[in-house]
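Between the sequences and the hints, there should be enough to build the whole structure, so can you do that?
So the protein lines, in turn, are chains A and B. Mapping of the first sequence onto our numbering: position 116 corresponds to residue 138, and the numbering continues sequentially without gaps. Mapping of the second sequence onto our numbering: position 163 corresponds to residue 186, and the numbering continues sequentially without gaps.
These are computed hints drawn from the structure, not numbers from a lab. Since we're looking at a predicted model, the values are computed, not measured. Just so you know, not all the hints are guaranteed correct.
[As the list claims (entries may be wrong)] Partial pick of chain A residues on the chain B-facing surface, computed with a CB cut under 10 Å:
(1) D39
(2) T42
(3) A45
(4) L46
(5) N104
(6) V105
(7) V108
(8) T111
(9) K143
(10) E147
[Stated by the list, open to error] Not everything, but these chain A residues come out facing chain B in the computed CB check (under 7 Å):
(11) K31
(12) S41
(13) N112
(14) T134
(15) T137
(16) L138
From the three backbone atoms N, C-alpha and C, an ideal C-beta is built for every residue, glycine too.
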Amino acid sequence: MREQSVKNKTILVVEDDVSTLRALVDTFTSEGFHVLKAKNGEEGLKLALKEHPDLILLDIIMPKMDGMTMLKKLRKDEWGKNVRVVILTNLSAAEKTAEALESRVYDYFIKTNWTLEKLVKRVKERL
Amino acid sequence: MKMQITNIDIIKMRDKKNDKNIKKLEEKFRSLFKNIRDVIVILDKEGRIVDINPAVKKISGFSPKEIKGRHFREIKFINPENRKKIIEYFRKDRRGKKVPPYYEVEGTTKDGRRIIVEVITTPFISEGEIVGSLVIVRDVTENKKAEEKLKNYQKKIESLVNSSVDLIFLKDKNLKYLIANKAHEKLFNIKVKDIIGKTDFDFMPKTVAEGCRRSDIEALKSGFISREEWVGEKCFHVVKQRIEDTQGRVRGIAAVIRDITERKKIEEMLKKSKEFAENLIASMKDGFSIIDSRGVHININEALCKMTGFTREELIGVGPPHPYWAPEEYENIQKAFKKTLRGEFEDFEMIFMRKNGERFPVIVSPSWLRNEKGEVISYFATVKDISERKKIERAKTEFVSLASHQLRTPLTNINWYSEMLLLGKAGELNDQQIKYLKEIYTANQRLVQLVNLLLNVSRIELGTFGIKPEPINIIEIANIVLKELLPQIKTKKLKLEKDYGKKPLIVNTDPNITHIVFQNLLSNAINYTPKGGRVKVSVEKGKSDVLIKISDTGYGIPNDQQSQIFTKFFRADNIVEKEPDGTGLGLYIVKSVLEQSGGRIWFESEENKGTTFYVTIPLKGMRKKKGKKMSI
Numbered sequence: 023m024r025e026q027s028v029k030n031k032t033i034l035v036v037e038d039d040v041s042t043l044r045a046l047v048d049t050f051t052s053e054g055f056h057v058l059k060a061k062n063g064e065e066g067l068k069l070a071l072k073e074h075p076d077l078i079l080l081d082i083i084m085p086k087m088d089g090m091t092m093l094k095k096l097r098k099d100e101w102g103k104n105v106r107v108v109i110l111t112n113l114s115a116a117e118k119t120a121e122a123l124e125s126r127v128y129d130y131f132i133k134t135n136w137t138l139e140k141l142v143k144r145v146k147e148r149l
Numbered sequence: 024m025k026m027q028i029t030n031i032d033i034i035k036m037r038d039k040k041n042d043k044n045i046k047k048l049e050e051k052f053r054s055l056f057k058n059i060r061d062v063i064v065i066l067d068k069e070g071r072i073v074d075i076n077p078a079v080k081k082i083s084g085f086s087p088k089e090i091k092g093r094h095f096r097e098i099k100f101i102n103p104e105n106r107k108k109i110i111e112y113f114r115k116d117r118r119g120k121k122v123p124p125y126y127e128v129e130g131t132t133k134d135g136r137r138i139i140v141e142v143i144t145t146p147f148i149s150e151g152e153i154v155g156s157l158v159i160v161r162d163v164t165e166n167k168k169a170e171e172k173l174k175n176y177q178k179k180i181e182s183l184v185n186s187s188v189d190l191i192f193l194k195d196k197n198l199k200y201l202i203a204n205k206a207h208e209k210l211f212n213i214k215v216k217d218i219i220g221k222t223d224f225d226f227m228p229k230t231v232a233e234g235c236r237r238s239d240i241e242a243l244k245s246g247f248i249s250r251e252e253w254v255g256e257k258c259f260h261v262v263k264q265r266i267e268d269t270q271g272r273v274r275g276i277a278a279v280i281r282d283i284t285e286r287k288k289i290e291e292m293l294k295k296s297k298e299f300a301e302n303l304i305a306s307m308k309d310g311f312s313i314i315d316s317r318g319v320h321i322n323i324n325e326a327l328c329k330m331t332g333f334t335r336e337e338l339i340g341v342g343p344p345h346p347y348w349a350p351e352e353y354e355n356i357q358k359a360f361k362k363t364l365r366g367e368f369e370d371f372e373m374i375f376m377r378k379n380g381e382r383f384p385v386i387v388s389p390s391w392l393r394n395e396k397g398e399v400i401s402y403f404a405t406v407k408d409i410s411e412r413k414k415i416e417r418a419k420t421e422f423v424s425l426a427s428h429q430l431r432t433p434l435t436n437i438n439w440y441s442e443m444l445l446l447g448k449a450g451e452l453n454d455q456q457i458k459y460l461k462e463i464y465t466a467n468q469r470l471v472q473l474v475n476l477l478l479n480v481s482r483i484e485l486g487t488f489g490i491k492p493e494p495i496n497i498i499e500i501a502n503i504v505l506k507e508l509l510p511q512i513k514t515k516k517l518k519l520e521k522d523y524g525k526k527p528l529i530v531n532t533d534p535n536i537t538h539i540v541f542q543n544l545l546s547n548a549i550n551y552t553p554k555g556g557r558v559k560v561s562v563e564k565g566k567s568d569v570l571i572k573i574s575d576t577g578y579g580i581p582n583d584q585q586s587q588i589f590t591k592f593f594r595a596d597n598i599v600e601k602e603p604d605g606t607g608l609g610l611y612i613v614k615s616v617l618e619q620s621g622g623r624i625w626f627e628s629e630e631n632k633g634t635t636f637y638v639t640i641p642l643k644g645m646r647k648k649k650g651k652k653m654s655i
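So this is what it looks like as structure tokens:
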């Protein structure tokens with residue numbers, strides 16, 4: 023049943039580290055998601071507004087436009103203000119969490135502390 | 024004596040029968056005889072008392088009536104042996120032999136009081152013939168007493184002067200000694216009697232005598248000198264006073280001279296050591312202050328003025344609070360201050376404020392000054408400006424923070440790719456491949472943990488560690504952590520005892536901190552307890568705190584290392600061999616976050632018996648703290 027529900031779902035992964043990006047894309051693709059990818063906030067924002075994915079996995083520290091800036095811009099958009107966003111970063115500073123919560127983020131994950139398996143499970147629950 | 028002459032005159036005048044004048048004189052004499060304070064006794068040739076005046080009653084207590092008509096031998100108020108002596112003199116006198124003009128004899132009054140009287144006797148001549156004697160008796164008891172007193176007093180003064188180690192002398196105006204005390208004998212190796220009448224030149228080396236003479240002459244001229252004079256190796260305090268008689272004529276000088284060589288030496292020494300200490304304090308780069316027991320500045324050095332921007336005048340006599348205490352630090356400073364006043368001299372870090380309001384970090388090292396009785400008389404403190412050190416420390420910590428964040432990206436990739444391989448995402452692996460991959464994965468997990476710990480340390484030290492209390496169930500957190508650690512508990516076959524019920528215990532705490540506390544203390548208990556041991560967790564609600572107890576039957580902490588176990592990177596000797604993987608950061612983090620949030624931690628431990636850690640979290644909740652913002 024779940025496999026069925028995932029099939030039509032699109033997720034956007036915004037991540038500047040190529041290796042990390044590939045791991046995420048491969049994993050979520052193999053799980054049956056339609057996966058879009060972006061290497062920075064600028065690309066990510068453009069793609070999100072164009073493709074309207076069901077969920078965005080967003081890194082914070084990225085060149086050109088960081089994740090927080092992208093999120094704030096996204097929230098100003100009529101569609102973007104309600105889209106599900108999961109922050110996936112290696113930054114654990116507390117104030118970033120607070121900032122993220124203000125922008126109605128569903129989850130805030132530290133990459134090194136999560137296995138892909140658990141991450142997939144959590145994303146599926148969110149959809 | 025005049026009285027006696029008057030009597031003789033009267034007799035002579037009567038002879039001349041100048042009746043009128045005689046009558047007048049007789050009246051005068053009668054009145055004198057009656058009122059005079061001396062006793063006048065008129066004796067006949069045989070020594071019988073013809074007349075005696077009323078003064079006798081006052082002096083002796085006997086009335087004239089009791090005495091008149093008796094022989095002089097029977098005068099009771101003069102002691103018998105003295106009476107004999109007086110009668111002897113009468114006889115001698117009458118025979119024209121020389122007798123003393125007056126003599127003192129002892130007597131006793133009617134009521135038994137001892138008296139001393141002065142007696143004058145003179146033959147009583149009538150018409151050219153000796154017809155008797157006239158005796159005048161004067162009470163000199165009081166004078167005698169006074170005289171004796173004076174003599175005693177003089178003796179005392181003399182012994183006082185002689186017992187003095189100071190040189191005391193009197194010289195006449197020609198600078199010859201009139202009086203010199205015994206102190207001279209020791210100093211000049213000469214007898215006092217050999218000094219009297221001499222000058223300094225007679226027994227002192229010439230140069231010394233010349234010096235003395237100069238100051239003597241100066242004293243004679245100016246009237247008074249008081250000063251220190253060096254004579255060779257010795258130093259004297261010299262006081263000389265000119266002596267004048269009642270007419271204002273200069274008679275000589277009096278002097279008191281004290282050998283103050285030793286005192287001078289000590290004074291010099293003290294002066295030097297005081298100068299040394301003052302120079303030392305003044306040249307110190309660190310601030311220095313001396314305060315009294317109330318905390319008021321007694322003295323401060325230039326460095327403290329420079330550091331704080333206040334002048335000496337603005338700081339001395341002031342405080343507490345001192346002008347350079349930042350108001351937001353009052354509470355901390357007061358605490359440290361009270362500790363110091365209690366005699367606990369620990370260094371403390373605090374924030375000081377310059378006059379212009381600028382804040383800067385310092386380390387204050389308090390200490391104390393005791394007097395010879397061992398009582399604390401004042402406190403002093405050195406103040407070190409640690410702005411630079413702090414900057415360097417911060418740069419180091421920031422580097423650790425930055426490096427740790429950077430490390431997380433490759434760690435994530437190693438994690439995830441090994442996971443994907445293990446999950447067969449790239450095809451089936453054989454058992455050996457899976458085994459090796461698991462080694463990579465486990466090692467990487469340890470690196471991840473280490474990075475997490477380092478990040479926690481740097482966040483604590485940079486102040487970016489925020490505390491956000493929210494109502495959470497402490498029991499639930501304990502259970503979550505225990506569940507995470509269950510595999511290790513099972514591997515080591517440890518007996519786990521949970522001494523708390525299922526009932527939630529909701530307290531306003533930071534879930535992250537509570538997790539860190541349980542995670543570290545429980546994994547320590549598990550790691551440092553040998554196989555088959557016991558680990559016990561209890562959570563109880565006290566009056567004002569939640570008390571968490573985590574005990575084990577493990578290796579324990581060696582006695583001599585117990586004071587260090589909360590120190591960053593410290594690991595006890597006995598566990599380094601057994602569990603080489605620890606970082607020495609866990610307890611440091613636990614203690615830091617607990618203390619920042621209002622909790623406490625302590626422990627009891629015995630080597631090879633086990634350890635119990637106690638943690639309290641205030642029931643009113645953890646203290647909220649906003650983490651400072653950081654660029655990364």
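Comparing the hints with the structure gives:
{"no.": "1", "hint": "D39", "in the structure": "5 Å, holds"}
{"no.": "2", "hint": "T42", "in the structure": "6 Å, holds"}
{"no.": "3", "hint": "A45", "in the structure": "4 Å, holds"}
{"no.": "4", "hint": "L46", "in the structure": "8 Å, holds"}
{"no.": "5", "hint": "N104", "in the structure": "26 Å, violated"}
{"no.": "6", "hint": "V105", "in the structure": "24 Å, violated"}
{"no.": "7", "hint": "V108", "in the structure": "15 Å, violated"}
{"no.": "8", "hint": "T111", "in the structure": "9 Å, holds"}
{"no.": "9", "hint": "K143", "in the structure": "13 Å, violated"}
{"no.": "10", "hint": "E147", "in the structure": "18 Å, violated"}
{"no.": "11", "hint": "K31", "in the structure": "20 Å, violated"}
{"no.": "12", "hint": "S41", "in the structure": "5 Å, holds"}
{"no.": "13", "hint": "N112", "in the structure": "4 Å, holds"}
{"no.": "14", "hint": "T134", "in the structure": "5 Å, holds"}
{"no.": "15", "hint": "T137", "in the structure": "6 Å, holds"}
{"no.": "16", "hint": "L138", "in the structure": "5 Å, holds"}
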